[in-house]
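Asker: Construct all of the structure, not just a fragment, from the sequences and the given hints.
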Amino acid sequence: MFEPFQLPFVQRALVELLLLAVLAGTLGCWIVLRGLAFPAHGAAAAAFPGLVLADGLGFAGALGGFGAALLFALVVGRLGTRRNRSHPPHDTLTALVLVAALATGIVLASDVFHSAASVESLLFGSLLAIGPPDVRLAAATALIALAATWLLGTRWLTTGFDPASAPALGIRSKLPDTLLLVLVALGAVATLSAVGALLATALLVVPAATTRLTMNRIATWQLTTVALAAAEGTIGIWLAVQLNAPPGATIAVVAGATFAATATGTALAPRLGRAT
Amino acid sequence: MTAAPQPLLSTDGLSVGYANNPRVLEDVTFTADAGERIAILGPNGGGKTTLFRALLGELRATEGTLTTTSRCASVPQTERSRLDFPVSALDVALMGTIPGRAWWRRPSRTDRAAARTALTRVGLADRAQSTYGELSGGQRQRVLIARALVQQAQILLLDEPFSGLDTTSAQRLEELLRELAEEGRGVLIATHDLEQARRWDRVLCVNGRQIAFGIPAQTLTHDVLAQTYGGAIVTLPGEDPAAPHHAILPPHHHHHDAPH
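Heads up: the protein sequence lines correspond to chains A and B, in order. For the first sequence, my numbering assigns the number 1 to the initial residue and increments by one for each residue that follows. For the second sequence, my numbering assigns the number 1 to the initial residue and increments by one for each residue that follows.
FYI, nobody ran anything at the bench for these hints, they're computed from the structure. No experiment lies behind these values; they were computed from the predicted model shown. One or more of the hints may lead you astray.
Claimed, not checked - Covered, in the sense of this in silico footprint (three residues per stretch, anywhere, with C-beta under 8 Å from a C-beta of chain A), are these stretches of chain B:
1. 67 to 77
2. 80 to 88
3. 101 to 115
To be verified - Listed next, with one range per pair, are the computed distances between beta-carbon atoms:
4. A:LEU7 to B:TRP104: 39 to 47 Å
5. B:THR29 to A:LYS174: 31 to 39 Å
6. B:SER108 to A:LYS174: 20 to 28 Å
Said to hold, decoys possible - With the Cβ distance kept under 10 Å, some of the chain A side facing chain B (calculated, not the full set):
7. LEU33
8. GLY153
9. THR154
10. ARG155
11. ASP162
12. PRO163
13. PRO167
14. LEU169
15. GLY170
16. ILE171
17. LEU175
18. ARG212
19. MET215
20. ILE218
Even for Gly, the Cβ is constructed at its ideal location relative to N, Cα and C.
Answerer: In structure tokens, the structure reads:
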């Protein structure tokens, strides 16, 4: 039953997933709490043309992906703070830029750099083919997310809880929220090798959204999310090897099914309680 | 003969506004002494929030002066906070320690003790671990007052604190505000409730500028209220319009936000 985990490439994938579980538990909860799920998905998608560009021009893919994701996160985050009729709503902007990023990436890959063969792995990840640099990036990003949560968590919580009162509570700088957007971009890039540009939210959003259904304190929520993301990743990679299925997509299906089961359970629990 | 104690707060010809509208509120001159409860009356958009933002240091005076001898702390309407957030009453009270901490420091034991003391002061010691969103409207308002007390502010600025509260909760809150004032704080309350404003020590009426300031019995005249609310005053049929306590505000000046 556990034979797949004796294979070196599966072990490396598992280490990557456990590191990303720390990211999912720390950053993921802030993404869900602060309503950044769609921008996080957009940042991962925006990394796609950056990766294609890096691949075609021969520089580090993570650098290209991070540059594009960061640009996206900061522009969307900045425009999202403006509220007037001359600007489209925040989610509309995110969707527009997301589509533009994907289209640009496809055009670059197929017609400029002729690297269409790698498009699938960029969009959906190649978990079983990751190398030490990917693991190092995941470890560094998880550490940064932990440190940022430790240092800025109270401010992120306060700003999200009561934005209008944040200045009166001494939070007048936009820097903490800007750093959160930078971290979203970095987190999106760190997940790319595992689940790709289109499935990043399977790690960054879905586990935290699942545990949010039952948790009502930030610390326990984050710890539970780390455990759930680790479990979903482990089960997902085991299933992928057993079924010869794509690992990124399998993990996404496991995460989605867990969310659906939890949501159904929490919705039915009060009715069942009344019936007994 | 001893000199009168310095007021906690005083403004002299204060004008404040925003970059795109520099004169939202003009020529405000008033004082708040220790132990005083002052009602701030005015229509929506009349400058009450702008005045509070100026007192909190978020907006600079475009004209006039503002002098405070103590920190001001804001107590917003509970509807403005996210009730779905995974925070306890203690977590919210702890937010009041942020101004006194360097950005890299986490709340210390002393901070936690201060937050617990403040929750005890507002009568919520036994609800410290309750989820904020699951508390009643009156309890949430008291948690936000505890957050202000943690900031060790002598001046409390409350924005329509009685909005959406039932009679019992409103009475408890009013009693708490009276006690906090008696402990030497200045309590400024933005409100639309004229009957309540009559019970405070002084009242400041604003509508883009200062209309009047003084003790309620002398200040809340029909003329002052007509100027404050742009003439949108209804008097009870058959009553003497000159009698100030018979003036009531039309319904659209009241907030009827349902408690969450």
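Asker: Does each hint hold? Answer for all of them.
Answerer: Comparing the hints with the structure gives:
{"no.": "1", "hint": "67 to 77", "in the structure": "holds (count 3)"}
{"no.": "2", "hint": "80 to 88", "in the structure": "holds (count 7)"}
{"no.": "3", "hint": "101 to 115", "in the structure": "holds (count 4)"}
{"no.": "4", "hint": "A:LEU7 to B:TRP104: 39 to 47 Å", "in the structure": "holds, 43 Å"}
{"no.": "5", "hint": "B:THR29 to A:LYS174: 31 to 39 Å", "in the structure": "holds, 34 Å"}
{"no.": "6", "hint": "B:SER108 to A:LYS174: 20 to 28 Å", "in the structure": "holds, 26 Å"}
{"no.": "7", "hint": "LEU33", "in the structure": "holds, 7 Å"}
{"no.": "8", "hint": "GLY153", "in the structure": "holds, 8 Å"}
{"no.": "9", "hint": "THR154", "in the structure": "holds, 7 Å"}
{"no.": "10", "hint": "ARG155", "in the structure": "holds, 7 Å"}
{"no.": "11", "hint": "ASP162", "in the structure": "holds, 4 Å"}
{"no.": "12", "hint": "PRO163", "in the structure": "holds, 8 Å"}
{"no.": "13", "hint": "PRO167", "in the structure": "holds, 5 Å"}
{"no.": "14", "hint": "LEU169", "in the structure": "holds, 5 Å"}
{"no.": "15", "hint": "GLY170", "in the structure": "holds, 4 Å"}
{"no.": "16", "hint": "ILE171", "in the structure": "holds, 7 Å"}
{"no.": "17", "hint": "LEU175", "in the structure": "holds, 9 Å"}
{"no.": "18", "hint": "ARG212", "in the structure": "holds, 8 Å"}
{"no.": "19", "hint": "MET215", "in the structure": "holds, 6 Å"}
{"no.": "20", "hint": "ILE218", "in the structure": "holds, 5 Å"}
The structure is consistent with each of the numbered hints, conforming to all of them.
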